[in-house]
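Novice: Chains as they are written, first to last, in the numbering used here: chain A, 1 to 422; chain B, 423 to 695.
Honestly, the hints are just simulated from the structure, not real lab data. Errors might be hidden in some of the hints.
[Unchecked claim] Take a look, some chain B residues computed to stay more than 10 Å from chain A by CB distance:
no., residue
1, Q451
2, K464
3, N473
4, S482
5, D512
6, L569
7, L585
8, K638
[Stated by the list, open to error] Which residues of chain B face chain A? A few of them, derived with a C-beta cut under 10 Å, are:
no., residue
9, V530
10, K536
11, K542
12, A607
Beta carbons: idealized from backbone N, C-alpha and C, even for Gly.
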Amino acid sequence: MTDTLNKSVPSKSQRIQAGLAKRYRAEKRFRLYGIAAIAAPISFLAIMLVVIGSRGVGAFQQTYAQLSITFDEQYITDNDWQGIVKASLRETFPDVSARRDKKKLYKLMSSGAGFDLQAMYKIDPTLLGQTRTVWLPMSDDIDMLMKGKIDRALAEGDRRVSDKELVWIDHLIANDVIDLQFNTRFFTSGDSREPELAGIAGAFMGSILSLAVCFILSFPLGVMTAVYLEEFAPKNTWTYIIEVNINNLAAVPSIVFGLLGLAIFLNFFMLPRSAPLVGGMVLALMTLPTIIIASRAALRAVPPSIREAAYGMGASQVQTVLHHVLPLAMPGMLTGTIIGMAQALGESAPLLMIGMVAFIVDIPGNFTDPATALPIQIYLWADSPERAFSERTAAAILVLVGFLIMMNLIAVIVRKKFERRW
Amino acid sequence: MEISIHTEVPTTARIDEQTLSQPHKVSAQGVNVYYGDKQALKNINLDIASNMVTALIGPSGCGKSTFLRCLNRMNDVVDGCRVEGLITLDGEDIYGRGVDVVHLRARVGMVFQKPNPFPKSIYDNVAYGPRIHGLAADRGALDDMVLHSLERAGLIDEVRDRLDAPGTGLSGGQQQRLCIARAIAVEPEVILMDEPCSALDPIATAKIEELIDDLKQNFTIIMVTHSMQQAARVSQKTAFFHLGELVEQGDTTDIFTKPEDERTQAYVTGRIG
Ligand SMILES: Nc1ncnc2c1ncn2[C@@H]1O[C@H](COP(=O)(O)OP(=O)(O)OP(=O)(O)O)[C@@H](O)[C@H]1O
Ligand SMILES: [Mg+2]
Numbered sequence: 001m002t003d004t005l006n007k008s009v010p011s012k013s014q015r016i017q018a019g020l021a022k023r024y025r026a027e028k029r030f031r032l033y034g035i036a037a038i039a040a041p042i043s044f045l046a047i048m049l050v051v052i053g054s055r056g057v058g059a060f061q062q063t064y065a066q067l068s069i070t071f072d073e074q075y076i077t078d079n080d081w082q083g084i085v086k087a088s089l090r091e092t093f094p095d096v097s098a099r100r101d102k103k104k105l106y107k108l109m110s111s112g113a114g115f116d117l118q119a120m121y122k123i124d125p126t127l128l129g130q131t132r133t134v135w136l137p138m139s140d141d142i143d144m145l146m147k148g149k150i151d152r153a154l155a156e157g158d159r160r161v162s163d164k165e166l167v168w169i170d171h172l173i174a175n176d177v178i179d180l181q182f183n184t185r186f187f188t189s190g191d192s193r194e195p196e197l198a199g200i201a202g203a204f205m206g207s208i209l210s211l212a213v214c215f216i217l218s219f220p221l222g223v224m225t226a227v228y229l230e231e232f233a234p235k236n237t238w239t240y241i242i243e244v245n246i247n248n249l250a251a252v253p254s255i256v257f258g259l260l261g262l263a264i265f266l267n268f269f270m271l272p273r274s275a276p277l278v279g280g281m282v283l284a285l286m287t288l289p290t291i292i293i294a295s296r297a298a299l300r301a302v303p304p305s306i307r308e309a310a311y312g313m314g315a316s317q318v319q320t321v322l323h324h325v326l327p328l329a330m331p332g333m334l335t336g337t338i339i340g341m342a343q344a345l346g347e348s349a350p351l352l353m354i355g356m357v358a359f360i361v362d363i364p365g366n367f368t369d370p371a372t373a374l375p376i377q378i379y380l381w382a383d384s385p386e387r388a389f390s391e392r393t394a395a396a397i398l399v400l401v402g403f404l405i406m407m408n409l410i411a412v413i414v415r416k417k418f419e420r421r422w
Numbered sequence: 423m424e425i426s427i428h429t430e431v432p433t434t435a436r437i438d439e440q441t442l443s444q445p446h447k448v449s450a451q452g453v454n455v456y457y458g459d460k461q462a463l464k465n466i467n468l469d470i471a472s473n474m475v476t477a478l479i480g481p482s483g484c485g486k487s488t489f490l491r492c493l494n495r496m497n498d499v500v501d502g503c504r505v506e507g508l509i510t511l512d513g514e515d516i517y518g519r520g521v522d523v524v525h526l527r528a529r530v531g532m533v534f535q536k537p538n539p540f541p542k543s544i545y546d547n548v549a550y551g552p553r554i555h556g557l558a559a560d561r562g563a564l565d566d567m568v569l570h571s572l573e574r575a576g577l578i579d580e581v582r583d584r585l586d587a588p589g590t591g592l593s594g595g596q597q598q599r600l601c602i603a604r605a606i607a608v609e610p611e612v613i614l615m616d617e618p619c620s621a622l623d624p625i626a627t628a629k630i631e632e633l634i635d636d637l638k639q640n641f642t643i644i645m646v647t648h649s650m651q652q653a654a655r656v657s658q659k660t661a662f663f664h665l666g667e668l669v670e671q672g673d674t675t676d677i678f679t680k681p682e683d684e685r686t687q688a689y690v691t692g693r694i695g
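Just chain A, with the same shape it has in the complex (with noise of 0.2 Å):
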C-alpha cells in the first residue's frame, strides 16, 4: 500500500532532491552574474590601460641626433648656446646655403639642445674650444616622424616635414646619428611650450604638494570629528543636523568648494594665488566628509563588547577610544582617507578656480610656489595643438594612474601594519 502512495505522491526526499537540484542551478547563474560583472569592468580598465598605454609609452621616447660641437668661446661669451648648435648644423650639411633652407635647417633640432649645452659646459668649464660629439634633442615635428607618426606617403603640403628635411634626416639615419633614447626629460622638467622639452616633473610635484597639505589637514580633522560625533557627541537634533550636513557636503560638486577657496582663501585670506598650499586646502575641504563618513562606519563597526570590556575594566571614556576602539577602526579610517585622496589626486575643478591651472615652467619647491597639478596638466596638455603633446597627455595620464597605484600600495601595507586581526 506505501508503495502505490509512492508513486503517486512523491516522497519529501523526491522532493528535496528536486527542490536541490532548482537550487544549484540557481547558484550557479548567481555565480555567474557575478563573474560577468566583475568581468566587465577589469575589461574596461584593460581596454583603458591598453589604449592610454600604447598611445603614451612614445612619449617615454626622444629622438636624438648625434651632433659634433665645438665649444667656442666666441659663442659661449655672447650665451649663444644655441648659435653652437646651428654652427654644427652647418658643418654637417654644408652645401645648404640659402637663408630660407638654413632655417629650417636649424629647426631640425630643439631648441633645448642649446640648454643642454649649457648644462654641460656649467658642468665642466674645461670645454671651452674643445669639440664632442654629442646627442641632442631633435624637435617635435622630427621626434613624430621618426615615431612612425608623421606619414611620408602624403604630398609635402599635407605634413609638417617638408621633403627637403626628410632629405636631411635620411642622411642622419644613413650615417646612423640619429637615435630614439629614454626621455628622461619627461620626467624631470616641467611644463614647456615646446613638446619635446615639456615634462610632468612640475604638475606631479604640484600634486604631490597639494595631496601632503589635504592630508595633513583632512586625516586629522576628519579623524577627530568622526570620533567626536560617534563616541562623545549627545545624540541630539544638533548633532543630527551636523551629520546630514556631512553626508549632504560629500555630495556638493567640488567645483563649488573651488569657489569657496577663492572667496575665503584667496580673497578674503589673501593667500597666494596657484599655491599647492590653498590647493591643499581645497582639496581637504572636498576630502573631508568622505573621510568622516568612512571614519564614522569604521567606528560604528567596532563590537560593542570590547567598549563594554574597557569600561566594565575602568577605562575612561577617551582611554576606551584611545586604546580599544580607535586602533580596530584605523585600518577602515586609512581605506575611507585613501579613497577620499584618490579623489582629490584626479580633481581638477576646484583647482581650476583657485589659479592651479596657470602655465607653470618651474618646478615648485615649496607649498606657496605657483603649481599646477597632474589632472590639470593632463588637460593643458590634451588642449595644446601640436601632435607630440597627445602623446605627452597619454602619457601622463599613465603617470598618474601610477601614482594612483603607488598610493593605494602603500595604503594596503600601512593598513596590514594596523591591521592585526587576531
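Position chain B with the ligands against the provided structure of chain A, taking the given hints into account.
Specialist: Chain B with the ligands only, in chain A's frame:
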C-alpha cells in the same frame, strides 16, 4: 540566632559570623530602572553580603543583567537608561556626586556573559587594568600581577609559554577565565559576573565554579546564572527576580529548599522560566 539555623553547614556559618560583624558590602534600596519609558526594575531592595557568592536567578528578561549593570554603573553608557533609588558600596552612594565611575569600576569589576578579551596579547589583556589605574610600580611588579592573576584564574598552566599570543585565540572557556583574570588583576572588592558559564562546557564550567569558590575568600561575588544547580553549588545567597521585581532573597539553601513565594517555588522546581 541566625547562626543556629546553619549549624549543619559549617562553612557558610563561619562566613556568616564574619558578615554579621560588618555592614553589607553592596546595598540597593528602592532601585527603579527605566529603559526609555519601559520600567525594567521595580523597587529593588537587596543587600549583598561581603565575601560571599550571591546568585541572581530568574526567568529571561526579568532584569538580572540590568541590576548587575547598575552596580558598576555600566548602564551610564546605555542611551535612555535611567536609574532611580540608592545603591551603596561600603555605605557610600555610588551614584552620588563626586563619585568617579572609573574609580568605582576599579572597585567593582565585571565579567561578561560572552567572553570579550581585547584583541591584544594575553599579557596585555590582564595588564590592562593595572596599567590604566597605575597599580604597578614597574615592569616587574606588573609581570607579577599578571602571572598571579592568571594563576588565580586557573589559566596560567595553559598560557604560561604564550603570553604574547592573542587573547582571542584561546578557547571559549579559556577566554572566559582570561576575562576573570583581567577583572581580578585590579583587585576589585566586588566582582559582577553575568552568566559567566553560559557558553562553556561542563569541564570549563566546573573550573570556573571552583575558581569562584576560591575567589570569594577575597572578593564579594555577585553572579547571574540560569542554572539552578550552579546557583546551589556555588552561591551562599540567592535573589530571585521575576518581571522586574525582586520576589525573594535569602540563603541559597532556604531559597531552594523552602521558598516562601509561590513563584520562587515554581521557578526553582522548573515549572516557570
Ligand atoms: N539596552 C536596553 N534598551 C532597552 N531595553 C532593555 C535594554 N536592556 C535590557 N532591556 C529590557 O530590560 C528588561 C530586562 O533585561 P535584562 O537584560 O536585565 O534581563 P535578564 O534578566 O538579564 O535576561 P536574560 O536572562 O535573558 O539575560 C528586558 O525586558 C529587556 O528587554
Ligand atoms: Mg542577562
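Novice: All hints, please: hold or fail.
Specialist: Taking the hints in turn, this is what the structure says about them:
no. : hint : in the structure
1   : Q451 : holds, 24 Å
2   : K464 : holds, 25 Å
3   : N473 : holds, 22 Å
4   : S482 : holds, 19 Å
5   : D512 : holds, 17 Å
6   : L569 : holds, 18 Å
7   : L585 : holds, 14 Å
8   : K638 : holds, 20 Å
9   : V530 : holds, 9 Å
10  : K536 : holds, 6 Å
11  : K542 : holds, 8 Å
12  : A607 : holds, 9 Å
Checked against the numbered hints given earlier, the structure satisfies every one of them.
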